[in-house]
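Number of protein chains: 2
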Amino acid sequence: MSKIPWKADLLLAPLPAVLVSCGTPDAPCVLTAAWAGIVNSQPPKTYVSIRPQRHSYAIVRQSREFVINLTTRAMMRQVDLCGVRSGRDVDKFALCGFTPQAIAGIGCPAIAQCPVSLGCRVTDILSLESHDMFLADIVSVSADESLVDANNRLQLSRADLLVYVGGAYHALGERLESSHYTAQKKPDHK
Amino acid sequence: MSKIPWKADLLLAPLPAVLVSCGTPDAPCVLTAAWAGIVNSQPPKTYVSIRPQRHSYAIVRQSREFVINLTTRAMMRQVDLCGVRSGRDVDKFALCGFTPQAIAGIGCPAIAQCPVSLGCRVTDILSLESHDMFLADIVSVSADESLVDANNRLQLSRADLLVYVGGAYHALGERLESSHYTAQKKPDHK
Numbered sequence: 722m723s724k725i726p727w728k729a730d731l732l733l734a735p736l737p738a739v740l741v742s743c744g745t746p747d748a749p750c751v752l753t754a755a756w757a758g759i760v761n762s763q764p765p766k767t768y769v770s771i772r773p774q775r776h777s778y779a780i781v782r783q784s785r786e787f788v789i790n791l792t793t794r795a796m797m798r799q800v801d802l803c804g805v806r807s808g809r810d811v812d813k814f815a816l817c818g819f820t821p822q823a824i825a826g827i828g829c830p831a832i833a834q835c836p837v838s839l840g841c842r843v844t845d846i847l848s849l850e851s852h853d854m855f856l857a858d859i860v861s862v863s864a865d866e867s868l869v870d871a872n873n874r875l876q877l878s879r880a881d882l883l884v885y886v887g888g889a890y891h892a893l894g895e896r897l898e899s900s901h902y903t904a905q906k907k908p909d910h911k
Numbered sequence: 722m723s724k725i726p727w728k729a730d731l732l733l734a735p736l737p738a739v740l741v742s743c744g745t746p747d748a749p750c751v752l753t754a755a756w757a758g759i760v761n762s763q764p765p766k767t768y769v770s771i772r773p774q775r776h777s778y779a780i781v782r783q784s785r786e787f788v789i790n791l792t793t794r795a796m797m798r799q800v801d802l803c804g805v806r807s808g809r810d811v812d813k814f815a816l817c818g819f820t821p822q823a824i825a826g827i828g829c830p831a832i833a834q835c836p837v838s839l840g841c842r843v844t845d846i847l848s849l850e851s852h853d854m855f856l857a858d859i860v861s862v863s864a865d866e867s868l869v870d871a872n873n874r875l876q877l878s879r880a881d882l883l884v885y886v887g888g889a890y891h892a893l894g895e896r897l898e899s900s901h902y903t904a905q906k907k908p909d910h911k
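Protein sequence lines correspond, in order, to chains A and B.
Take any residue in the first sequence, count from 1 to its spot, add 721: that is its number in our numbering.
Take any residue in the second sequence, count from 1 to its spot, add 721: that is its number in our numbering.
FYI, nobody ran anything at the bench for these hints, they're computed from the structure.
Any given hint could turn out to be false.
Quick list of the computed label-pair ranges, beta carbon to beta carbon [as the list claims (entries may be wrong)]: (1) B/818 / A/782: 30 to 36 Å; (2) B/812 / A/811: 53 to 59 Å; (3) B/895 / A/816: 22 to 28 Å.
Some but not every residue of chain A turned toward chain B, in silico, with C-beta under 7 Å [said to hold, decoys possible]: (4) 723; (5) 762; (6) 770; (7) 889; (8) 891.
Among the chain B residues that face chain A by a calculated CB cut under 7 Å, a handful are [what the hints assert, rightly or not]: (9) 727; (10) 763; (11) 770; (12) 797; (13) 801; (14) 843; (15) 854; (16) 862; (17) 877; (18) 882; (19) 887; (20) 889; (21) 890; (22) 892; (23) 894; (24) 904.
Keep in mind the model is a prediction, meaning the values are calculated, not measured.
A virtual CB, placed ideally from N, CA and C, is assigned to each residue, including glycine.
Build the full structure now, drawing on both the sequences and the hints.
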């Protein structure tokens, strides 16, 4: 390959295209985010970065909790709408046909239509420049029953997740190998 | 969909499967990470979370710079090896056939074989519990020429990026719509 310098840009990919829900069951809000990730394994910690101008910002800042909802290819249009419309102008749950759904440990609602939801409690807020970063403990998870296999394992590969790459939505392709597959030990016959 | 509670876990997906390079051109190191993301847009800021036990940890902490290298499906085996082997025991650049490549603005090498590399300068280190989070400015980018289209735009969709979902590598699927496609204005005939 022959590489050339490129203008500094946000070229990390692939990223998740998640719906971040907040507010209350009676007044739920949601925004779309790709600036989200895992920051710590034990205990599980995540983050989402939100511009202070966003309607959801003040809600998350005040309640110190939110839900990260994974999204599917079939939800692409709703995911996009929740990124371009503001909760100041429209009830995005109603616009998208989303159902608020309780999730353990926190008071704000998950989105019933999303295959996996992570209930998050904010531990720290870092003010960066365009965005504030909300660091949070993942305190609960709910997942669609159809993702659980016969061995009681969650098969995220079945969820047809939406992927964000370089400013565009993509489908997820086929499952390849498990992580750490090159470390697999030979069978132990002792 | 019918959702059930699931044990709290690291179910955020999809995530990038990146190679984080550090060290010097003569003594390069690399580790695999999925705990990486964008945290701020203007200016572009990213992070990677690394366990203090990892060989690369002390190198990044001391030099305060690293490179995030995106990976492809064809590199899956090398990506996995760099996650299971330690730089204490083996020269992973040599093991994987990686070529150290200069990148603007920082002293540690990128990986020539990766389609996109982001040169990162550490601004803050947050000690969490299992991992430390290295927040960094993206100070430079290099990209493979083959990704640049006739309009001088970078087409990341062409890179056949590797995706990390629920403990397994996946291929990237087809490009769907651009972000914000639901906001497109009608043609202006004035």
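Quick rundown of the hints versus the structure:
Checked against the hint of 30 to 36 Å, the C-beta distance between residue 818 of chain B and residue 782 of chain A comes to roughly 48 Å, which is inconsistent with it. Taking 53 to 59 Å as the suggested C-beta distance range, the pair residue 812 of chain B and residue 811 of chain A conforms, at roughly 56 Å. Checked against the given bound of 22 to 28 Å, the beta carbons of residue 895 of chain B and residue 816 of chain A, roughly 27 Å apart, stay inside it. About 5 Å separates the beta-carbon of residue 723 of chain A from the nearest beta-carbon of chain B, less than 7 Å, and the hint is met.
This hint holds: residue 762 of chain A has a C-beta 5 Å from the nearest C-beta of chain B, less than the 7 Å allowed. Annotation: residue 770 of chain A was flagged as interfacial toward chain B, and the flag holds, the nearest CB pair being 5 Å apart, inside 7 Å. A cut of 7 Å between beta carbons decides the hint on residue 889 of chain A: the least distance to chain B is about 5 Å, and the hint holds. Because the smallest distance between the Cβ of residue 891 of chain A and any Cβ of chain B comes to about 5 Å, under 7 Å, the interface hint for this residue holds.
Hint status for residue 727 of chain B relative to chain A: holds, with the closest Cβ pair at about 4 Å, below 7 Å. Hint status for residue 763 of chain B relative to chain A: holds, with the closest Cβ pair at about 4 Å, below 7 Å. Proximity of residue 770 of chain B to chain A holds as hinted, the smallest CB-CB distance being about 5 Å (cut-off 7 Å). Interface hint status for residue 797 of chain B: upheld, as the beta-carbon distance to the closest one in chain A is roughly 6 Å, under 7 Å.
The beta carbon of residue 801 of chain B is positioned within 7 Å of a beta carbon in chain A (closest approach about 5 Å), and the interface hint is therefore held. Because the beta carbon of residue 843 of chain B sits about 14 Å from the nearest beta carbon in chain A, more than 7 Å, this interface hint is broken. Look at residue 854 of chain B: its Cβ gets to within about 5 Å of chain A, closer than 7 Å, so that hint holds up. A cut of 7 Å between beta carbons decides the hint on residue 862 of chain B: the least distance to chain A is about 4 Å, and the hint holds.
A hinted interface residue such as residue 877 of chain B counts as satisfied when its beta carbon comes closer than 7 Å to some beta carbon of chain A; here the least separation is about 3 Å, so the hint holds. For residue 882 of chain B, the shortest C-beta to C-beta distance to chain A is roughly 6 Å, which falls under 7 Å, so the interface hint holds. Below 7 Å, beta-carbon pairs count as interface contacts, and residue 887 of chain B has one with chain A at about 3 Å; its hint therefore holds. For residue 889 of chain B, the interface hint holds, the least distance from its beta-carbon to any beta-carbon of chain A being 5 Å, beneath 7 Å.
Hint status for residue 890 of chain B: holds, given a least beta-carbon distance of 4 Å to chain A, under 7 Å. Checking residue 892 of chain B against chain A by beta carbon gives a least distance of about 3 Å; that is within 7 Å, so the hint holds. The beta carbon of residue 894 of chain B is positioned within 7 Å of a beta carbon in chain A (closest approach about 3 Å), and the interface hint is therefore held. A least Cβ separation of about 4 Å between residue 904 of chain B and chain A falls short of the 7 Å threshold, and the interface hint therefore holds.
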